[in-house]
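Full structure from sequences and hints, please.
Residues per chain, in single letters:
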Amino acid sequence: MVTRLKEVDAVTVGLGWTGAIMARELTKAGLNVVSLERGPDRIPGEDFILPSVRDELRYAGRLELMWDNSLDTLTFRNFPVEEALPIRRIGAFLPGEGVGGSGIHWGALHWRFLPSDFRIRSTLTERYGANAIPADMTIADWPLSFDEIEPFYDRFDKICGVSGKAGNVRGQKIEGGNIFEGPRSNEYPNAPIKSSNAGLMFGTAAKSLGYHPFPAPVAIASAAYTNAENVPLGACEYCGFCNRVACETNAKASPNSTLLPTLRLEPKFQLRTRCFVTKLNYDKAAKKVVSVTYTDMRNGEEYEQPAGIVLLTSYVFSNVQHLLLAGIGEPYDHATGKGVVGKNYAYQFEAGAAAFFEDKELNPFWGSAGTAVCIDDFNGENFDHGGLGFFGGGYFTCNTASAPPIAGRSVPHGTPQWGSEWKRATVKWYHHAARFNTQGSVYANRDNFMDLDPTYKDAFGRPLLRLTYNGPENEHKMSRYLLDKLEGIIKAMAPTHYEMHPRPKTFTVVPYQSTHNTGGTMMGSDPKTSVVNRYLQAWDAHNLFVEGASVFPQQHGYNPTGTVGALAYWSAQAITTQYLKSPGPLVHA
Amino acid sequence: MTITLKETDAVVVGVGWTGSILARELTKAGLNVVGLERGAKRMPRENFTIPSVRDDLKYAVRQELFQDTQLETVTVRHSPGETALPIRRLGSFLPGTDLGGAGAHWNGMTWRWLPSDHKLRSHVTERYGKSAIPDEMTIEDFPVSYDELEPFYDKFEKLCGVSGKAGNLRGTKIDGGNVFEGPRQNEYPNPPLVRSMAGEIMDKAARSLGYHPFPAPSSNASETYTNPEGLTLGACEYCGHCERFGCEANAKASPNVCILPALLADQRFELRDYAQVKELVYDKAARKVRAVRYVDTRTGEEYEQPAGIVVLGAYVFNNVLLMLTAGIGEPYDYRTGKGAVGKNYCYQVSGNGIGVFFADKEINPFMAAGAHGVLIDDFNGDNFDHSGLGFIGGAWIQAGPTNGRPILTRPVPPGTPRWGREWKQATAKWYNHAFGIGASGCNYAHRENFLDLDPTYRDALGRPLIRMSYNFRDNDYKLAQYLGGVLERLARAMNPTIMGKPNVKRGDYNVVPYQSTHNTGGTMSGTDPKTSAVNRYLQAWDADNLFVMGASVFPQNTSYNPTGVVGALAYWSAHAITTQYLKSPGPLVHA
Amino acid sequence: MTEETIPRRRFLLGAGIAGTAVATGLNQTEPAAAQAPAAAAPAAPQPEPLLALNETEHAFVVAAVDTLIPADELSPSGSDCGVATYIDRQLASAWGGGAKSYRAGPFRKGKPEQGYQLALTPVEFMKAGIAAANEWSRKTYGRDFDRLAADKRVEALKAIEAGKAEFANFSARAFFGRLHAMTMEGFFSDPIYGGNRNKASWRMLGFPGLPATYAHLIDEYRDKRYVAEPRSIEDFS
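Protein chains in written order, with my numbering: chain A, 2 to 590; chain B, 16 to 606; chain C, 295 to 531.
Note that these hints are calculated values from the structure, not bench results. Each residue gets a CB set at the ideal place from its N, CA and C atoms; glycine is no exception. There may be inaccurate statements among the hints.
[As the list claims (entries may be wrong)] Taking beta-carbon pairs under 10 Å as the criterion, some of the chain C residues facing chain B (in silico):
1) L362
2) D366
3) L368
4) P406
5) Q408
6) V448
7) W496
8) G503
9) Y520
10) I527
[To be verified] Listed next, the stretches of chain B that the computed footprint assigns to chain C, with coverage defined by at least 3 CB atoms under 8 Å from CB atoms of chain C:
11) 72 to 85
12) 238 to 252
13) 377 to 390
14) 468 to 482
15) 554 to 564
Below, the structure written as structure tokens:
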């Protein structure tokens with residue numbers, strides 16, 4: 002028996018980064034907003050304090066802050082001809098669960114896409130010819146430009162207190178920063194995080210080869226910082242736990258540390274945790290989502306929450322699943338190529354290396370993603386792809402390896418995995434290992450998509466989302482090229498020993514790679530080939546706004562969150578300045 | 016992709032008590048037998064050792080040795096009009112798993128039915144008239160009489176080394192034994208266990224009221240004992256960690272101690288553990304189960320094992336599930352009363368008791384065995400005149416704690432708060448000075464108590480869960496009320512310092528508190544293939560090579576713990592297979 | 295932030311502070327009820343690391359188990375007997391994570407006779423319950439449960455036990471049932487699980503524990519008190 006509640010102005014399905022941004026912006030505009038989060042509340046001063054927060058097993062090993070697969074997961078197959086099977090415990094990607102979502106435990110690398118990324122199809126066509134893009138590479142231009150979104154990148158930077166060094170401020174190139182980036186209106190809010198020894202060594206080697214190293218930009222405050230919401234953030238402790246773990250000093254930006262403190266005091270905001278949204282209720286004729294239905298897991302009761310505006314902020318997989326279950330938009334049909342919901346799934350093509358320096362102390366146990374040093378010389382269209390046989394690219398990064406010690410111990414390939422020899426090698430190299438990564442783009446391909454599984458259901462009886470993905474040949478070629486260039490830099494560092502780690506031919510869901518899943522509800526200018534318009538408004542339901550990386554037409558060579566946050570602010574502005582005045586489609590195709 | 020294996024003479028589904036007995040008897044007759052057990056090959060020497068075996072939290076509270084409901088469970092509703100919901104955490108009953116099944120950790124109460132129990136409908140009709148049995152009470156005679164089964168009761172008791180005192184030896188009644196029992200050919204294999212303090216108090220009180228107390232018939236060996244299989248049991252330690260625990264002394268009779276060492280040493284027997292049986296492959300036209308399909312849960316591989324004979328020893332729920340999913344026999348339809356598979360599910364009317372408190376007596380409840388009390392049968396079966404009472408059947412009544420394990424056993428007088436200072440005072444004061452008198456009532460079949468397949472919920476293999484439609488009925492409540500009076504009389508006769516109020520079964524069936532793991536019925540044995548699933552030899556009417564074991568063949572449940580009857584029937588059926596079926600395969604009974 | 299929302303920082307309180315001190319909180323204005331010296335009190339233990347509960351939740355549990363099992367001449371308080379430690383560890387165990395529990399859907403509200411039907415695991419259930427209990431306590435008494443004086447804690451627990459306390463979207467009665475059951479387990483189980491410190495409860499009852507081999511004693515001690523120093527699994531490992 003479903004209890005129907007009183008209507009509210011807006012509902013967010015999920016309370017991660019985008020849910021928190023939308024809730025904050027909409028309450029500021031005077032709306033009553035309810036956020037429904039299936040996981041538990043997470044409060045930095047309560048749940049993440051010394052000493053318990055320094056528990057590698059609990060957070061990095063047992064994944065306490067992440068998706069609980071006993072109730073819900075997705076099925077996976079590499080190719081459309083195969084049968085998909087459930088991912089019984091997440092591995093390759095680790096979406097978060099609970100208030101803050103992945104934002105509470107991410108690595109916090111914080112980027113912007115290149116201006117050329119936003120018009121990638123046009124750019125490639127212009128540079129390499131009309132027939133340069135293969136037929137199965139279904140990339141598309143974004144329906145907005147870098148210049149349009151720049152002020153919102155800037156806004157998000159100032160919420161997070163991002164630390165970095167600008168390479169291009171209002172057209173002025175600055176050495177020591179990323180000279181390839183699109184022009185920023187401002188320097189980073191905080192000075193860069195101090196680089197690790199390994200990072201500095203990488204930077205020196207890269208420079209000697211004519212590349213342009215810079216400190217990794219991270220949403221981790223390098224100094225105490227009061228953000229644009231007047232919330233104080235702490236300074237990074239270089240604790241060495243960062244990724245998968247929450248931050249007890251509120252230095253690593255999370256929705257919980259940057260936005261929730263204000264939201265919790267806002268009477269117009271109501272948070273309901275342990276509330277699992279099972280469906281959106283769609284009135285197809287009226288082109289509106291009239292309400293969402295959810296189960297309160299604390300008492301087993303079902304509720305229907307009517308809302309004027311519905312924000313779908315539940316991460317890529319759940320966003321796509323909700324649209325498919327509610328019948329909003331035409332599902333992508335791989336056989337015919339028609340339809341849009343589930344189309345253009347993309348990932349990140351990471352591949353890296355390890356290097357060992359027996360005469361250098363690399364201090365493995367302090368640092369974070371911010372202590373890395375990067376080069377962007379081989380990203381996007383920053384280099385000439387003429388004659389290379391692939392498109393795309395990625396930034397390179399180098400940081401110290403080894404800590405924390407359950408997962409971090411690096412030893413050269415061929416070392417036994419146990420016994421005295423293993424122990425000696427582990428001790429020998431623990432302070433002397435560096436690791437490298439190439440954060441390769443994944444350009445959309447017609448064979449990589451999401452739909453509903455025909456066999457498996459979640460604990461609420463809904464079909465699981467099915468993911469069909471393998472790294473396309475384009476990305477394998479790109480990665481080989483990137484690794485080749487990376488090897489050149491590593492050699493210039495003169496390590497005692499190094500090894501490259503190319504990706505295997507077939508994508509596997511088991512070892513961790515990246516949580517940069519994108520696509521499925523792509524944005525575009527044509528309702529026949531996209532799910533949402535440039536304001537992230539669903540073409541088929543004008544009061545529905547879909548946030549997060551599911552709107553990406555393809556994935557570029559950067560961590561997505563910077564762009565995800567900027568788009569949320571951009572979308573929120575469209576709602577508060579246009580939609581509220583005149584509810585209806587904001588773009589007429 | 017299923018791998019088809021070479022045919023074997025017989026497959027036993029589940030290696031608990033009945034699986035072990037059948038496998039042993041068939042291998043002795045020269046057959047090659049494969050035993051498929053979904054759980055692990057658990058053996059006492061490795062798994063049940065001091066000190067870990069004394070872990071009350073792990074075994075009694077967290078139910079370590081029992082079935083994992085995450086993989087399979089049962090849905091329950093009170094009546095056909097309701098939606099059944101899954102038992103998500105075990106409570107009311109605790110099905111076993113792993114080699115030896117629940118036989119590895121039961122309490123050991125080992126009974127025979129009364130002669131009148133074997134002919135229940137006839138007996139009651141004869142004595143009280145047709146109207147004594149309401150239409151909806153679908154009880155039946157069992158198609159094997161007490162006299163026919165007596166040698167097999169004897170055989171099972173000798174296998175287990177049951178400790179007790181005969182009350183009727185070849186017709187002669189013996190004071191100190193159960194004078195109501197059917198005539199035994201032999202005394203019990205072992206003398207009774209040493210009496211507890213509570214048992215002594217019960218004995219005196221019962222005698223003072225003119226009743227006939229006797230020691231619990233116990234599969235906890237009172238002395239070291241070598242059984243007819245040449246296997247030796249140790250003597251009971253009275254450790255007070257019996258039910259839900261394995262026995263480190265090998266004193267508690269279990270398949271693991273009494274049969275398996277011999278069976279596992281036999282070349283003709285092959286045990287496959289981690290073998291989760293999925294379904295039976297049934298050839299309806301040929302009236303044969305061709306093969307058993309199972310999954311090796313260590314590798315995920317699926318196998319098909321063809322067999323000449325298939326024995327179901329998978330406990331009540333899975334016996335019924337396997338028959339229903341294979342389409343063997345007609346599923347019971349409660350509306351029409353037609354069909355027999357799933358019919359006549361019964362349970363136990365337990366949880367009737369009264370607490371007694373003795374300021375001047377040391378009870379030492381922690382010195383106890385699993386089947387240890389002193390009992391009376393004066394109010395069981397038809398041992399007393401039911402004229403004018405409004406119900407039929409009865410209960411054994413017992414006093415004698417099986418444990419003093421303090422997480423769950425801390426008797427306090429009625430009205431004691433459940434926490435705080437007063438609670439603690441009362442708990443400490445009375446812990447060693449109290450026990451309960453309990454009554455285990457029979458549960459007679461009802462047309463709306465049955466098992467079928469759930470339409471919504473599935474197990475980990477994707478098969479429908481068994482749906483139980485069950486509630487206590489008028490006869491059960493009336494019996495319970497009556498027992499309350501008897502309990503009160505007994506308690507008073509003990510002259511305790513404090514006497515509780517009798518607590519008798521009332522209200523709807525509740526799956527939460529533990530009551531009993533005496534689930535029976537669903538594949539009942541009978542003389543008519545239209546109203547029963549198996550014949551008197553436990554052979555399926557619709558599949559000549561399929562034999563169904565366990566309490567699922569009971570038409571109704573008596574007051575007695577079922578295992579003694581289950582074991583006897585397994586030997587009886589095995590005898591029919593080895594002396595009749597093997598010579599001439601085909602229906603053993605022509606209806 | 296108000297006083298009520300300041301998290302409890304045990305490690306800041308210093309070593310050697312027993313559970314009752316934690317329960318009274320940092321800025322208690324009402325005096326804690328005087329407590330009789332505990333019988334056979336173990337040395338006040340160091341604060342132990344928590345595995346599942348956060349500080350606020352732990353403070354609630356300590357206050358609750360000390361109310362359910364107060365210190366008196368029969369035994370130390372519940373937390374001094376390790377019951378809060380027991381609860382934390384059990385919630386962090388496989389059982390706490392829902393092992394051996396059927397969690398497939400659909401999830402429907404059933405009758406009490408159909409047993410537990412929520413999707414929450416034991417640890418999730420307890421955490422949601424503690425949050426609901428503290429919310430109710432703030433609404434009713436103006437402060438979190440662990441900040442209440444001893445007599446108010448008794449009053450509060452009685453209301454929760456009876457289901458009279460109205461928790462938001464949560465069953466107070468079911469929560470009390472689970473809390474009570476875990477408290478009893480923690481008090482009476484073998485000390486290897488973190489509770490029943492120094493076998494205090496077994497000593498209190500006269501339960502001898504291990505090895506539990508009485509065949510040669512049962513006759514001799516019929517109606518005679520059997521006195522033995524209780525021994526646990528650890529003593530035999």
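Here is what the structure says about each hint:
Because the smallest distance between the Cβ of C/L362 and any Cβ of chain B comes to about 4 Å, under 10 Å, the interface hint for this residue holds. Against a cut-off of 10 Å between C-beta atoms, the interface hint on C/D366 holds, since the closest Cβ of chain B lies about 6 Å away. The closest approach between the C-beta of C/L368 and any C-beta of chain B is roughly 5 Å, which is under the 10 Å cut-off, so the hint is satisfied. Residue-level restraint check for C/P406 holds (minimum Cβ-Cβ distance to chain B is 7 Å; threshold 10 Å).
Proximity of C/Q408 to chain B holds as hinted, the smallest CB-CB distance being about 4 Å (cut-off 10 Å). For the restraint placing C/V448 at the interface with chain B, the shortest Cβ-Cβ distance is roughly 7 Å, inside the 10 Å limit, so the hint holds. Residue-level restraint check for C/W496 holds (minimum Cβ-Cβ distance to chain B is 7 Å; threshold 10 Å). Proximity of C/G503 to chain B holds as hinted, the smallest CB-CB distance being about 8 Å (cut-off 10 Å).
A hinted interface residue such as C/Y520 counts as satisfied when its beta carbon comes closer than 10 Å to some beta carbon of chain B; here the least separation is about 6 Å, so the hint holds. Interface hint status for C/I527: upheld, as the beta-carbon distance to the closest one in chain B is roughly 4 Å, under 10 Å. Counting residues of the segment 72 to 85 of chain B whose C-beta sits closer than 8 Å to any C-beta of chain C gives 7, which meets the bar of three, so the coverage hint holds. Residue count for the segment 238 to 252 of chain B with a Cβ under 8 Å from a Cβ of chain C: 3. That meets the three needed, and the coverage hint holds.
Judged by the Cβ-Cβ criterion of 8 Å, the segment 377 to 390 of chain B is covered by chain C as claimed, because 4 of its residues qualify and three suffice. Chain C is given as covering the segment 468 to 482 of chain B, and this holds because 3 residues of the stretch bring a CB closer than 8 Å to a CB of that chain, at least three being needed. Closer than 8 Å: that is the beta-carbon criterion, and the segment 554 to 564 of chain B has 0 residues meeting it against chain C, so the requirement of 3 is violated.
Comparing the model with each earlier hint shows a violation of hint 15 alone; every other hint is respected.
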